[in-house]
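In this note's numbering, the protein residues as written are 538 to 1107.
Calculated directly from the structure, the hints in this document are not laboratory data.
Being a predicted model, the structure only gives us computed values, none of them experimental.
Warning: the hint list may mix true and false statements.
Claimed, not checked - Straight-line distance between alpha carbons at most 25 Å, and here's what the computed SDA-like set of lysine to any residue pairs gives:
1. Lys985 - Val947
2. Lys1018 - Val619
3. Lys1018 - Leu928
4. Lys574 - Thr639
5. Lys985 - Thr687
6. Lys1018 - Ala615
7. Lys603 - Glu585
8. Lys985 - Gly628
9. Lys918 - Leu974
10. Lys603 - Asp645
11. Lys574 - Glu599
12. Lys985 - Asp626
13. Lys918 - Thr907
14. Lys918 - Ile939
Stated by the list, open to error - Label pairs and their calculated CB-CB ranges:
15. Gly1055 - Asp934: 52 to 62 Å
16. Asp1029 - Asp882: 41 to 51 Å
17. Asp976 - Thr880: 55 to 65 Å
18. Val661 - Asn815: 29 to 39 Å
19. Pro575 - Asn625: 14 to 24 Å
20. Gln1063 - Ser692: 38 to 48 Å
21. Gln994 - Asp1056: 23 to 33 Å
22. Ala1074 - Val997: 52 to 62 Å
For glycine and all other residues, C-beta sits at the position ideal for the given N, C-alpha and C.
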Amino acid sequence: MRWLSFVILIAIFILTITVVDSSAGPRATIYEVGPGKPYANIGDVPWESLGPGDTVLIYWREQPYKEKWVIAVQATEAEPLVVRGVPNDQGDLPVIDGRDATTRTQLDYWNEPRGVIKIGAASVPDVQTAMWIVVENLDIRSGRPPYQFTDDRGSTQSYASNAASFYVEDGQHIILKNCIIHDSGNGIFVSSASRDITIDGNWIYDNGVSGSYYQHNAYTEAMGMVYQFNHFGPLCDGCGGNNLKDRSAGLVVRYNWIEGGNRQLDLVDAEDNPDIVNDPSYRQTFVYGNILIEPDGAGNSQILHYGGDSGTTSDYRKGTLYFYNNTVISTRSGNTTLMRLSTNDETADARNNILYVTASGDKLAMLDETGALHLRNNWTKPGWVDSHSGLTGTIYDDGGNITGSSPGFVDEANQDYHLTANSQCVDAGGPLNAAALPDYDLDSQYVKHQAQEPRPQDDVLDIGAFEYGTPLYLPIIEIAKLGATGVRLSWDSLLWYNQFQVWRSSEPYFSPQGNAYGDVTVSPWQFDDSNARGDAAVNHYYLVTDVLSGGASSSSNRVGEFDFDLTPGE
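Turn these sequences into a full structure, and let the hints steer you where they fit.
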């Protein structure tokens, strides 16, 4: 009599049951760098030979990696090239220090003085446009004068004044995630040859050049540019640049914390690529869910500039800025201006925003001079003015705007800008502009710092970046076969430095009790149970709890493996 053994991996509460094929194609290469790893230094990795699907893991060590390099690989969406830092147990990221850095001599690329890590445009490897690259979990610093480095020919060079920690010269589908970017001329620089760039969950601060207005925490010009869940801090002392300066088409700035800078946002005209100016997405810019903070005495009194600054007004954006559900706080004792719209051909649709100044209400002006501004369902102090310098544009009151003495923050002194239950802003918002839907709907909100959570949903939007209520944290587990007898659980995290506990039971509807079956504290968020399968008498069920986001109250879905035997003829 023959026995046929089967294993089914199940997701409880999900109607479909999937049998997972355990066959796997050839595995890409993983390069491990750090103490006790196959590669002691980053420069030991054969960067000129990497390909799609490869992963470079750079482990934390006490001493910074004083190295710089180019990433020039044409990977694919299905098989991206990933360069990932592996933090220590305290969450400290590996440090990539451009000061006195060395370069792998087998590489050959130009514009070495422009960046610590450069994307695209190299002779060795012979790749102009890098594609599908992810760089995450690294502390990248110190690409600026007067610092020097050793180039790929062994010569000493100095960094340019506009050098960047992360320099994208020619890249497509590039993600920079969960990194610390500081002590460079420009923290991030993206050139106009690039497209589809995402800056996600980074801490960007202390960049710029003292005495100069031309270097910024981020300076980008691309076809498709997204900033989300980033923490932008002040620039370096004496540095006059903007916090985020952009010249892109298809710009989206959402769910960021942006504090300080000459302006928080300087969204101006494309200078180096006419294709950007001619793209329809150049005329629409979406800025939503952000916390924009203007400290007293910090640079320009304008929060945001939209339009252009080159003087070639025909290339200015001349479209619509959709500015909604932001929380704007100015602690200036003098005047604050919300926006400068460069000409009367620039329009802003501002709705559902908290526009709060700690000074009296008449210190807030909506516009500098020109432009068309539509106001709907915003909160302000009473007494705001059209302009501090003379209005030549037009301001439209589209209804729903409210005033009060305070927006009703949970803890203003400690920068907790969530709303109290009694806030005027609760349920005082209005519908979003149709142009924002469905692609730019409000589905998230910022978590201090560099993290996100689902925005609580009810029937009426609140005003500001935070919805009153409790968000629901639910890690979603996927389960797959691992080898002959194991299973692998995998999931995503709301917080990049998170900690998860894995629970296992032979009962499907169990509650976590006692000691967890396992802990996961570093990305990638996965857990392997190597001997779970193979015994038809015992089945295993799993759930995961998000420790830093609420413990057992943030339990995942349940998944399991189910072994059974079939006897032919019975």
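Okay, the hints, checked on the actual structure:
no.	hint	in the structure
1	Lys985 - Val947	holds, 14 Å
2	Lys1018 - Val619	holds, 23 Å
3	Lys1018 - Leu928	violated, 66 Å
4	Lys574 - Thr639	holds, 20 Å
5	Lys985 - Thr687	violated, 38 Å
6	Lys1018 - Ala615	holds, 20 Å
7	Lys603 - Glu585	holds, 19 Å
8	Lys985 - Gly628	holds, 16 Å
9	Lys918 - Leu974	violated, 29 Å
10	Lys603 - Asp645	holds, 18 Å
11	Lys574 - Glu599	holds, 15 Å
12	Lys985 - Asp626	holds, 20 Å
13	Lys918 - Thr907	holds, 23 Å
14	Lys918 - Ile939	holds, 8 Å
15	Gly1055 - Asp934: 52 to 62 Å	holds, 58 Å
16	Asp1029 - Asp882: 41 to 51 Å	holds, 42 Å
17	Asp976 - Thr880: 55 to 65 Å	violated, 27 Å
18	Val661 - Asn815: 29 to 39 Å	holds, 35 Å
19	Pro575 - Asn625: 14 to 24 Å	holds, 19 Å
20	Gln1063 - Ser692: 38 to 48 Å	holds, 44 Å
21	Gln994 - Asp1056: 23 to 33 Å	holds, 32 Å
22	Ala1074 - Val997: 52 to 62 Å	holds, 54 Å
Checked against the numbered hints above, the structure violates hints 3, 5, 9, 17; every other hint is satisfied.
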